[in-house]
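Could you put together the complete structure from these sequences and hints?
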Amino acid sequence: MYRSLSIDPDKCTGCLQCEMACSYEYEGVFNPAHSRIKVFTFHQEGRFVPYTCTQCADAWCQHACPVDAIRVDAETGAKEIKENLCVGCKVCTIACPFGTVNYNHDRGKVLKCDLCGGDPACARACPTQAITYVDGDWAGYEKMRAWAARTDNATHA
Amino acid sequence: MRHVIVGRGPAGVVAAETLRAHDRASEVLLIGDEPGPAYSRMAIPYLLARQIREEGTWLRHDTTHFERQRVGQLETRVEALNAESKTLALANGTTLDYDRLLLATGSSPVDPPIEGVDLPRVHHCWTLEDAHHIMESAEAGSRVVLMGAGFIGCIIMEALKLRGVRLTVVEAGDRMVPRMMDQVAGNLIKQWCIDQGIEVCTSTRITRIEPGDEGLWLHCEPGEPMQADLVVVATGVRPNVGFLQESGVEIGNGIRVDAHQRSSVDDVYAAGDVCEGASWQGGRGVHAIQPMAVETARVAALNMVGREATHVGSLDMNVLDTLGLISVSYGQWMGVEGGDSASLLDERSGRYVKLRFDGDHLIGGITLGITEHVGALRGLIQSRRHLGVWKKHLMENPTRFMEAWVSTVP
Amino acid sequence: MGWQKKILRVNLTEGTCISEPLDMGWANEYLGQRGLATKYLVEEVDPKVDPLSPENKLIFATGPLTGTPASTGARYSVITKGALTGAIACSNSGGYFGAELKFAGWDMIIFEGCAEKPVYLYINDDQAELLPADDLWGKSVWETDEILHRVHQDPQLRISAIGRAGEKGVLYACIVNDLHRAAGRSGVGAVMGSKNLKAVAVRGTKGVRVADPERFLKVVAEKKQVLAENAVTGQGLPAYGTQVLMNVINELGALPTRNARDVQFEGASRISGEAMHEPRGSEQKPNLVTNQACFGCTIACGRISRIDKGHYTVVNRPEYWGASGGLEYENAWSLGADCGVEDLDALTWANFVCNEQGLDPISFGATLAAAMELYETGVITDEDTGGIALKFGSAEALTSMVQQVANGEGFGRELALGSRRLCEKYGHPELSMTVKGQEFPAYDPRGIQGMGLTYATSNRGACHLRSYTVSSEVLGIPEKTDPLVTDGKPALVKAFQDVTATVDASGLCLFSTFAWSLEDIQPQIDAACEGDWSLDRLLEMGERIWNLERQFNIAAGFTGKDDRLPKRLVSEPVKSGPAKGLVNQLDKMLPEYYQLRGWDEGGVPREETLERLGL
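Residue numbers (the numbering used here), protein chains in the order written: chain A, 1 to 157; chain B, 158 to 567; chain C, 568 to 1182.
No lab work stands behind these hints: they were computed from the structure.
Certain hints may be false.
Here are the simulated lysine-lysine pairs, DSSO-like style, with alpha carbons at most 27 Å apart [to be verified]:
#, chain 1, residue 1, chain 2, residue 2
1, C, Lys852, A, Lys11
2, C, Lys773, A, Lys82
3, C, Lys706, B, Lys549
4, C, Lys773, A, Lys109
5, B, Lys549, C, Lys773
6, C, Lys876, A, Lys11
7, C, Lys876, C, Lys958
8, A, Lys11, C, Lys785
9, C, Lys785, C, Lys773
10, C, Lys791, A, Lys11
11, A, Lys109, B, Lys318
Below, the structure written as structure tokens:
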């Protein structure tokens, strides 16, 4: 059973330590613009929701890639971008309905969460345990629905 | 049991893998009529731009992949289908039996009906072979005319420009990429291209091509004739269904399939660019786009092994990089009667976003110069999500679609 | 590294945006943010200029730790000659704007001149341009934020702006970023408004690098742990914010109440941090929705609050129903205790309006408190106020006056002058609770003696953030001193002032120092920045910054005579609480302070002091 990122928006304070940690892991620079996890702020509700790829079992991005550049890491189950193969066509960015695969203009490649090879930097950096890396198959759409549901007060406000 | 797949593009390859994943025992045979490993047409522009080598276009990089998957490969052309006898007539004169057949033959470029389109130095940009021809002819300084500013035309523009050619684009429609961009976005892309030093003629037809002493002469309507060393034709594609004429398989704009990707004939399925199936918004259509090719292929393959799977209808989606200006379109970006529309335009920075609604559902959209989280537009459209108060927020500021997505998952 | 080594010089008169290399010689002397920007200001601006003239400059400056994972590394400062004070102004803000400016590749922006018509600055990494703001002029900070996000089609844009208060020249107008974080004090927003500069909108995608990333990340992780394990930064501030102090300071008899006539407020518990957790009103929900961190902050003391929908301030005004920046201690005091108002929702609403329109709530509340005293003594009449009874305790007076000031209407135009000018105008300068023209904040120096010296000597006018001796005198950080005595306070104040100047030059938040000493901060700076940043060097730098600010003020015309407290604090004994019978004994502290500083009896730095500090 793979481990997965578990996100509890109720604990998030919006400090963006996760975004800095992620971008540093990715390119050795503190640069939230290139973070693969993003904290969304719902100011009127006072809510902060970290959001990233849940490594869905049947990955839209992976299926859509025309050059086989998205691979499953056997250890972690993460869908990883192979930068040497990615041609930057961006088809995966429109295929992923979660909006969690993004194009990096500077590198001409796409970027997405790869679970840092099994030790996610975002979870390590989070000061409030809003992001944790847990045992069990948390990934996939059902789980994502469950935690994203906690932002739903906007629809009734 | 023998599964036969005709066509080695993304749909064929994904179908073969899906069949194997769910059926360890049966024979899976993949037929293609181009030499070399299965490759992706999507990658050709990057090959032209010298960003990748030919291996970079391969659909699967592990050369033993199909062998390990126990997927047989046959390089030949299928001439005809006999559904009665469940056989295929092959170009090498033999016949091949199948138990279940998937037609994933894709599409081919259309020649415009004009004189001179068969001259040397007039090429499509569709196959690897086409790409080789273009690479031979498109040298720095040479005059290249691109016929058609559709998706394919735009995507190879950068490759041509990087090769240092003098480029002219001629498009019959009144804007660039008319089939995936509205007037505003199409014109922004046009201006962007002009700013990058490309000559763009919209609402212009090439009526005739004739050989001259120094290259080709292209006669235009309206406008003066122009000279070119190379003409690249990218005026549209159509499904490869010619070999099915006597087969009894029902053909509309493509092979007509039901929600399980079944054709009108038992045990014959179709997927990818060749099929005409249900559209997301209702009705039917040919959806010649990569994500839908692989999704229909998976549905077809699952049904072929007896696992019921349904394709809910193809949602149009495109992403296009025109010399660094990235545009995205989804679904019914042209809108529906009575539906609301929200848009923002910043001509100065070349940013544009337009969302289309039906009631409080998002049904389509266009972005230009915006790439962050665009996939969420698909999520919002395809989950048929009630937007609630986010309808109002999006009407006020349509760039907030990712927040709407994160906030409205039920 | 740590620095981007690049500054953006924006000439508003010419309409130009020019990139310049950061003067690394100065960076080595002044580190960044408060220190470095002060150096630029001193070098470039005649201290005698009219703060609201085109000759004044306005500097937005980050520190080397801004935009790094060093906890609390969110800060930027606005440095200029203050509109309220005429002294050097340095107002520090958190939120996300400062880090974003850094990510765009800039350490600092220097605005000079004055635009002919309203403009805003748009920065997208290297691209920086002035764009017309005619459509934004007259809009609130919140509207401006919304419009700019829409116009630039970028949800990630970070915006710092003035509201109507800054446009109209309210002398304590502030600059608000990220909707409710503010460079609050000394009228920096009025300076911005005088330049016809409405907003700065930034998007940065270049990121920040540090000199020794491995060492940096290691020490940063260790120091985050220190914050997490500390009672104040790990528990008190996240749970109650700075409002953790309301009941504490009230019990100590150091809560200036009703324009500092009293030092204890009978309604304190109803406007305290604890009260913000209690269900109340028609909805029976607490005022506090959540806490929020600034960029990179692992303390997260920020308050996000909602006003009860049944409260009179928001009936039929859904634009105020959502959550926004709630009461911090200083604001709850100025709008609450100092005006005698104990209606938590009225305070929250007034605070919202201060954020929305760009007003410093400390100066606004304290000015209103002075006006209330003038009203109650009959100096100001209903005729002056347009019939609004400015009585202590009146929530209606508070909420109507905050709007009038923001809109430049009615008696609000008088209140817009600040307490000193208002009281002078009505012939009672002694009722102005100000030093160097700036209203003092939420600690009564008669109950916390060190704060008297703090206010009197603060370079930007009365302020708690220049030497927060409350730490020591009340909270016992780093060690407890008796708040009622003056012994040792000059040295304490000097030490706090110097360390604070260093922290303010780094990009870190002063609140980190509830848990961190300079020994905790030094290795973070040292790992992030090139060169050897020893403790001694940092301490000396703090002292250098302090003296440079002092020199600016002296050149601007300030003397030792301006290091004075309002008469009330030194002559009217406290009526209740532990400090009953006491006044502030500034006279006992000031000479010793000058001496410790190496200044002469008139408060002027001696030649050898300046030499020692390389000034």
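* Hints the structure fails to honour -> 5
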